[in-house]
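Line by line, the protein sequences are chains G and R.
The letter at position 145 of the first sequence is residue 145 when you use the numbering used here, and the numbering goes up by one with no holes.
The letter at position 3 of the second sequence is residue 3 when you use the numbering used here, and the numbering goes up by one with no holes.
Read the hints as simulated data drawn from the structure, not as lab findings.
Cβ atoms here follow ideal geometry from the backbone N, Cα and C, with glycine treated the same way.
Among the clues, some could well be false.
Claimed, not checked - Not the full set, but computed from the structure, chain R residues with beta-carbon under 8 Å of chain G:
hint	residue
1	203
2	217
3	255
4	298
5	302
6	305
7	308
8	310
9	311
10	313
11	316
12	320
13	321
14	357
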Amino acid sequence: MKIMSDPDPSNRNAIETRAMSVYYGAFRAVKEVSFSIESQKITALIGPSGCGKSTVLRSFNRMNDLIPVARTEGEVIFHGQNLYGPDVDAVEVRRRIGMVFQKPNPFPKSIYENIAFGPRINGWKGTKAEMDDLVEQSLRGAALWDEVKDKLKESGLSLSGGQQQRLCIARALAVEPEVILMDEPCSALDPISTLKIEELMFELRRQYTIIIVTHNMQQAARASDYTAFFLMDEDRAGMLVEYGPTDQIFKDPKDERTEQYISGRFG
Amino acid sequence: MRAEPIQPFTRRLPYGEDFKRNIARRRFIGHIWRYMFFSSLIIGMIALVTLLGTIVNRAFGTIAVQERVNPATLSEQPLEELSQEELLAIAQANLSGNVRRRLDREEPLEQRSAAELLQVIEEFVLQREVVKSWTLSETLFNYSHIEAEAAEQFPNARLEFKSWVSWDFVVRPMSRTPALAGIRTALLGSTWMILITMLIAFPIGVGAAIYLEEYARDNLVNRIIQTNINNLAGVPSIIYGMLGLAIFVRNLEYLTSGRFMGEGMGAANGRTLISAAMTMALLILPLIIINAQEAIRAVPNSLRQASYGLGATKWQTIWNHVLPVALPGILTGTILGMSRAVGETAPLIVIGAATYIVTDPSGPFSSFTALPIQIYNWTSRPQDQFRDIAGAGIVVLLILLLSLNAAAILLRNRFQRSL
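So here's chain R without its partners, still in its complex pose (with noise of 0.2 Å):
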């Protein structure tokens, strides 16, 4: 072996004042970059901030309220401040036959607490509704023009400052008044359909990812499955919509409706949580599987070769070592998943979601909507009104979204912690 000294001053390389234009040049092209990525950001950040905005300028506003009745007519006293007996009379005084026996059907006047009754004599005896509404922004900036317009158009309203997103707005259930609907029947299905899917696709994804990782021989079949699971993360979520309503709602029918556990249980047909629940689970297990596999390779060999050293078998090795510190990367993956699935509306419309529910769901078997079922099917009522509920329902599940996201971080955290 013998080294060959290099010629220097070749002039093959710049030097001097050579080098100095060659280093600014270097410097500049580095700055472009520097820019084009800040302008990147700064494209992503008015996007994320028009978006919140307009969500928050549809969510809060002022409305223009009209009633039939004037509250005077039925009481001296404001009907907030009234017990519950005497509301009882003034209702059964001045509803119609045919609606007190509908609502007596749901639940018995008698049986109602001041508050029920207070919104059944403001949707049936006075019939209270919003004729108007204006956003945010007209409220903020263009009051004056709100007060002429109310006055000229609805010479009877008052205008009332209105936050669409409100307690209220999350505990009462679907109705077909905009102003008296809630979002607690689909915030309840999303949850219920969030459980049941994370339930089904977190040990299964998990599992897979242990498998394909620490089992699996590197041979064509294994490399089969693992390129079709990549593929699958990216196939369109209508198509699992589609798979999840040929099989679970059609061929599984008499298991997914609940029919299996007797006559006249679950739903009447397959279009139920557990359904929804599956399809999900079945759009999001590539992701986990992807994301674990990726956790699992992460995991120093030295650590496996430390407890294989001392007798561990490979199940006592995976189990008390692999995962343990894989798991804060498959957690990543699965708020990745979970994520994914509360947000998804396609495969639900395929699937079947009911859009008009009152009835909240009771278990896997119950037929439900889900919130960006019901935000879809706000924004397509010809109301004005639907739309700034449809706002309402979506910072709800911007909410619902990121405290899901929080507790998992959190819970990725404590485990990162521990080790």
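Excised from the complex, chain G in its bound form (with noise of 0.2 Å):
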């Protein structure tokens, strides 16, 4: 299939998007949005709840199939590719774009286990010690080896909350993806953890696209590279508002409502 292609060198854009709607039944819940992701950038959407931003996120990897209703039109380009197009299966596209959740869900298996099972049904075919070694680069990728290296047949769900985040990212990074999707994935965590995150984010993005949905504004300010601003219209449709290198969406916005909703006068 064309997407597992290796990137375009010359391509800067991870994913684009053009027009991309997504209803959920007759509800239009995003509404025409176009735009492009850099790669090895992080790239925050922000804006106010319901304005479909986790939509948006959650239709790069196909995860709004799971919701029987869902339906998506216009493109979402990656590789050159539509992800929506006839040919490509959905279980692909999740393995080269990966994704956090906005609660820590590790499987409820030891912390080996969980990052182990990725790969084996992704059609992992190296020995044991190999996999040892794949589990232990993943656990250092996410930083976390050093805090569960002696235990590693303990359960996911024995770690705190942000020890099991990171875990649900180090698990994201075994299957050897090319963009990290995160929604949310510190709001159910305490400011320590949060900026460990946030530190492993600018780690990541030296390997990964990364495209994180906050809720938290000084978050996207600190941690990202650009910052998609959406907002819901009058048929409660979400739409993209602005979009730009996020020191200029914060010191410069040139739409009035960005400029009304990072200086907090609503949302």
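Given two chains presented individually in distinct reference frames, assemble the corresponding complex, making use of the accompanying hints.
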């Protein structure tokens, strides 16, 4: 399949949407969003509750397919191909575009098994020793190895909330994705754990493209390279109001509504 | 958006003394409910204790044993101490020709063990029989009355304390003499039946639950199916018995009688273990499906999403994450179904479980009897002692039920711990 081809180095964009709309039944939740997300950068999606930013994020790895009434129109281009094209398998998409959820959701299995699950179901061909190696690398990649290296056999649920969320990131890394989607990954965490995740995001940026939905404006301001601001229109459909480098969005917004939102006058 | 201030002290809410009285009344109502709930519990406990008491009262007690022939006339030593050869000699010398021929047909006397020969001598030579039995409560509280009654009615009998529940009772086959009757045939029948029932009902039930919860779309057809499964759980068991009789016993007789395996194989008709087990499986399927569905529905969606997010397919998600987490709940439903199947009587009566059978079931295609049938049969016999062994049979049934449940609960707890 085409999307399994290597990324084109001349293309700076990891994902590009073209007039993408998402419907839940008859209700249009997202209206004709078109923007490009640059590779190996952190892009933050911000906006008030219900503006469709999570829906946009979930449409990047076809998680909306799991909702029976959801339907996507327009195009989401990844490696030059529309992810919603007829010959694209959602399972394949999700391997290349991983996801971290709002609430840490480790599997009720050992830490080791949490990491090993992804590679295994995706047809892992390596040996036990190579798997040990992959588990260690993934945990190191998520800055969790030193904290858990002596208790890999313990349940993933025995970790603290922040550690669980880093375990989920490590789990996503283990299937070698190119893009990592994060849906409010810090909303259930305390400030110190939040800071650790943000530091981790900066580390991961060297290798992965990160798209993060956040309610926390400070987080978007300090931890992202680009910011996309979403808002509901009159029909309660989410739309993209402004998109640009984070510095510009926060210091010199072009749109009046963006300025009002980031200065805390509504939302 | 503007919030209007609320005017306080409008006297629509109680204050001061008023409020204290109000609290006291609310507390009082709470107390009344509490005592009502407590008395429900007490009533339940009384019912349970009475039930167990009645059973135990019947299953233990005093018996008056009478022998036509005095054992001292057969041998100078007590019969229990004789060897197999000596017992064989006594049996051969004292049994009438008819009886000997009949016993030899079952198993030649020469090949029987000392214990078996002793039983034969007791039954046919001494003609030992229990002429009367008294319950446990009479034994404990009114023994002098028993002695007086026995001395008056059966001067030759001797009184013995008898536990009708005993190892002998468990391992002996059915007999027309209550004192010699055992429950082995029924126990084996019930065990076979429950094993086959579970083998059929568990995979089908869990499979249907997985399909309904994970694959089926929310459309009219599936909603009708769902409603009907819920309704089937409440259908009286005798109706399942009729269904089993019509389909498994009659229509599928060629299969359920085991005749398809060849001439002379299996039973004479379709009233076999496999028919009963399939009927029971139908009976408990709705129970298993509904409980398994509940368990699968209780698996948090975040777990499914996590799995899909890593590129798992639907089946990989179900097999690796949904089923392991749902398994304890699924097993709970299975335990309920199993207990129900062990205790059900009505469908077995309709299907035609044998009420008097001495041969052990040898496989799914043999005719059989089951514990509840045996107990039901004993309670309807005229002789009083059959009531005593019915009590003992109930004790065995309860023990079987409790041990099956305990095994299933242990299994469930192991799965729960491993999460």
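Now the hints, each set against the structure:
no. : hint : in the structure
1   : 203  : 23 Å, violated
2   : 217  : 7 Å, holds
3   : 255  : 41 Å, violated
4   : 298  : 13 Å, violated
5   : 302  : 4 Å, holds
6   : 305  : 6 Å, holds
7   : 308  : 6 Å, holds
8   : 310  : 4 Å, holds
9   : 311  : 3 Å, holds
10  : 313  : 5 Å, holds
11  : 316  : 5 Å, holds
12  : 320  : 7 Å, holds
13  : 321  : 6 Å, holds
14  : 357  : 49 Å, violated
Going down the numbered hints, you'll see the structure goes against 1, 3, 4 and 14, while the others check out.
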